[in-house]
Amino acid sequence: MAGTAVRGRLSWQVATVAAVTEETDSVRTIALNLPDWPGHRAGQHLDVRLTAEDGYSAERSYSIASADGEPVAITVERLDNGEVSPYLTQELREGDQMEVRGPIGDWFTWGPHDGGPLLLIAGGSGVVPLRAILRHRKRSGSAVPARLLYSSRSLAEVIYREELNEYRGTAEVRYTLTRSRPPGWGGFSGRVDDTMLARVAWPAAERPLAFICGPTPFVEAVAELLVARHYPASRVKTERFGGA
Amino acid sequence: MTSPVSRGFHRISRPAGADAGKLPPGQHVTGDYPVLSAGPTPHTPLEEWTFAVRQGGTTLRSWTWQELLALPAETITVDIHCVTRWSKLGTVWQGVPVRTLLDQIDHDAQYVLAFSDGGYTTNLPVRDVADGRAWVAFDYDGRPLAPEHGGPARLLVPHLYFWKSAKWVRGLELLDHDQPGFWESYGYHNYGDPWREQRYAGD
Amino acid sequence: MALDGNAIGGLLLEVFGSEMTSAQASCAACGAVGPIAETAVYVRGPGTVVRCRTCTNVLMVIARVRGLNCVDLTGLGALDVRAPADCPS
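Protein chains in written order, with the numbering used here: chain A, 1 to 244; chain B, 245 to 447; chain C, 448 to 536.
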């Protein structure tokens with residue numbers, strides 16, 4: 001019943017940490033055991049609530065990194081002055097508990113019926129929901145063409161690098177590094193700009209669907225570039241993570 | 245259902261220690277300086293910036309940026325307390341006392357409504373700003389006040405919760421009767437004394 | 448911090464009892480229409496402020512006052528929310 005579905009999403013469920021995977025020096029994926037999880041769409045997020053022994057609690061939102069049908073997972077980046085992310089990326093271990101609410105958000109989501117071609121543009125940890133989209137696309141056997149342009153400060157900070165490289169042939173993954181250039185680097189360098197998009201973005205005439213996720217200034221700059229390339233605003237979906 | 249405890253999780257705060265007596269109830273000391281706002285950061289060019297004291301639709305007096313900086317300023321060290329429960333002790337500011345501005349005006353108003361670029365407002369009794377406990381502050385920690393923290397100038401009223409220290413302040417409206425400002429209209433306390441923990445209307 | 452309506456999906460679910468990020472909101476000040484997901488949202492202050500991205504008019508303010516979500520919708524001209532799928536009878 002619809003009412004029960006809403007109550008299910010509204011209430012906090014207890015999640016147990018099933019596994020942790022270190023993705024980079026400061027990024028970790030946390031797989032959760034959530035026995036009552038109703039399933040989710042790629043791009044959605046969940047809310048996490050942590051409670052300390054003295055009753056103090058903190059809530060944060062994290063994009064779901066996994067596709068529907070896979071164990072629910074979030075990927076968390078450690079923010080230096082953060083209160084929750086240092087705990088999740090360093091202290092938390094298998095068997096620990098937290099509360100989770102979700103899945104949340106029906107706007108920034110993609111399923112095969114939404115069509116394409118898909119243009120996914122990630123800034124830093126903004127790659128998380130876009131990775132979920134790519135995983136869902138692969139699991140569902142969708143033939144919708146997809147390109148990911150992933151902006152990262154350095155190669156070492158690229159999340160899911162091995163997995164993304166395995167999409168060769170089924171989706172195009174391009175990187176731009178903004179603060180370093182490894183020897184022999186064949187990818188892009190510098191911030192996403194119109195010259196780069198001219199090489200990566202589907203022409204507007206193909207009616208592409210774009211998803212941009214990352215820090216607020218990144219998302220707004222890239223969205224403006226796509227609109228200038230005649231992407232209708234309604235076909236450019238954005239999710240801002242805040243921060244620089 | 246009581247929430248399960250997340251093993252090893254705790255609030256990040258500097259232990260109050262010797263500062264414990266200086267903290268109002270329900271506050272904790274933060275190490276950083278959180279940026280909280282109700283709207284986008286405005287960017288008024290300094291050539292256009294003015295601070296105005298108005299009453300009943302008339303500007304009684306206004307100062308340009310240069311005129312403000314020409315006034316005698318004070319360097320003060322104060323503790324600030326945000327209603328969201330973080331406090332920062334020993335913050336250093338430079339600014340013109342609001343008393344210096346109001347002393348140049350002949351008025352008998354009982355209340356002020358501070359107004360800012362972007363439409364933010366907050367209300368205060370005149371005596372809370374005219375008695376030497378409020379400043380138009382333009383330097384923080386020895387440097388020009390950054391835009392995200394309210395620069396070029398913000399109101400600084402450290403004896404009240406920090407939402408009363410209006411960022412991007414552009415002036416004061418003199419009023420005969422108290423009129424709730426932005427957060428006061430949405431359920432926050434009209435006066436906001438952290439020592440009496442006046443967070444919400446009715447506290 | 449300047450985010451968008453995606454960031455408050457959980458809060459809106461609490462307040463409205465429904466997924467709201469894809470609800471179409473009209474600004475009472477300038478008439479701009481768009482999903483709540485694309486509004487300009489300011490969080491972590493005394494309350495959550497949702498603004499029209501076109502004209503910065505305040506659409507919604509949600510303040511947590513003594514455990515109650517106090518919601519002001521004065522700046523919203525209209526709100527179109529997809530009805531939940533009908534349950535089979």
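Treat the hints with caution; some may be incorrect.
[As the list claims (entries may be wrong)] Some chain C residues judged to face chain A by a derived CB distance under 7 angstroms, without partners named:
hint, residue
1, Leu450
2, Asp451
3, Glu466
4, Thr468
5, Gln471
6, Gly478
7, Ala479
8, Pro482
9, Ala484
10, Thr521
11, Gly524
12, Val528
[Unchecked claim] FRET-style restraints, in silico, Cβ to Cβ:
hint, chain 1, residue 1, chain 2, residue 2, range
13, A, Asp194, B, Pro369, 34 to 42 angstroms
14, B, Gln348, A, Gly190, 51 to 59 angstroms
15, B, Tyr435, A, Ala204, 49 to 57 angstroms
These are computed hints drawn from the structure, not numbers from a lab. For each residue, glycine too, the CB sits at the ideal point set by N, CA and C.
Should the interface hint for C:Glu466 be scored as holding, given a Cβ-Cβ cut-off of 7 angstroms against chain A?
Check passed: Cβ of C:Glu466 comes within 5 angstroms of chain A, closer than 7 angstroms.
When the least beta-carbon distance from C:Thr468 to chain A is tested against 7 angstroms, hint result:
4 angstroms, holds
Mind checking the hinted window 34 to 42 angstroms against the Cβ distance between A:Asp194 and B:Pro369?
54 angstroms, violated
Hey, does the C:Gly524 contact hint survive, CB to chain A under 7 angstroms?
Not OK, violated: C:Gly524 not within 7 angstroms of chain A, min 19 angstroms.
Given a cut of 7 angstroms on the nearest C-beta pair, is the interface hint for C:Val528 held or broken against chain A?
11 angstroms, violated
Would the stated hint for C:Leu450 survive a check requiring a Cβ distance to chain A of less than 7 angstroms?
5 angstroms, holds
Can the suggested window of 51 to 59 angstroms be confirmed for the beta-carbon pair B:Gln348 and A:Gly190?
Distance hint for B:Gln348, A:Gly190 holds at roughly 53 angstroms.
Min Cβ distance, C:Pro482 to chain A: is it shorter than 7 angstroms?
5 angstroms, holds
Once the shortest beta carbon distance from C:Thr521 to chain A is found, is it less than 7 angstroms?
24 angstroms, violated
Let me know if the C-beta of C:Gln471 comes in closer than 7 angstroms to any C-beta of chain A, holds or violated.
With a closest approach of 10 angstroms, the C:Gln471 hint is violated.
Evaluate the given range 49 to 57 angstroms for the C-beta pair formed by B:Tyr435 and A:Ala204.
For A:Ala204 against B:Tyr435, whose Cβ atoms are near 55 angstroms apart, the range 49 to 57 angstroms holds.
May I ask you to test the interface hint for C:Gly478 with respect to chain A, counting a Cβ-Cβ separation under 7 angstroms as satisfied?
16 angstroms, violated
The earlier numbered hints that this structure contradicts are 5, 6, 7, 10, 11, 12 and 13.
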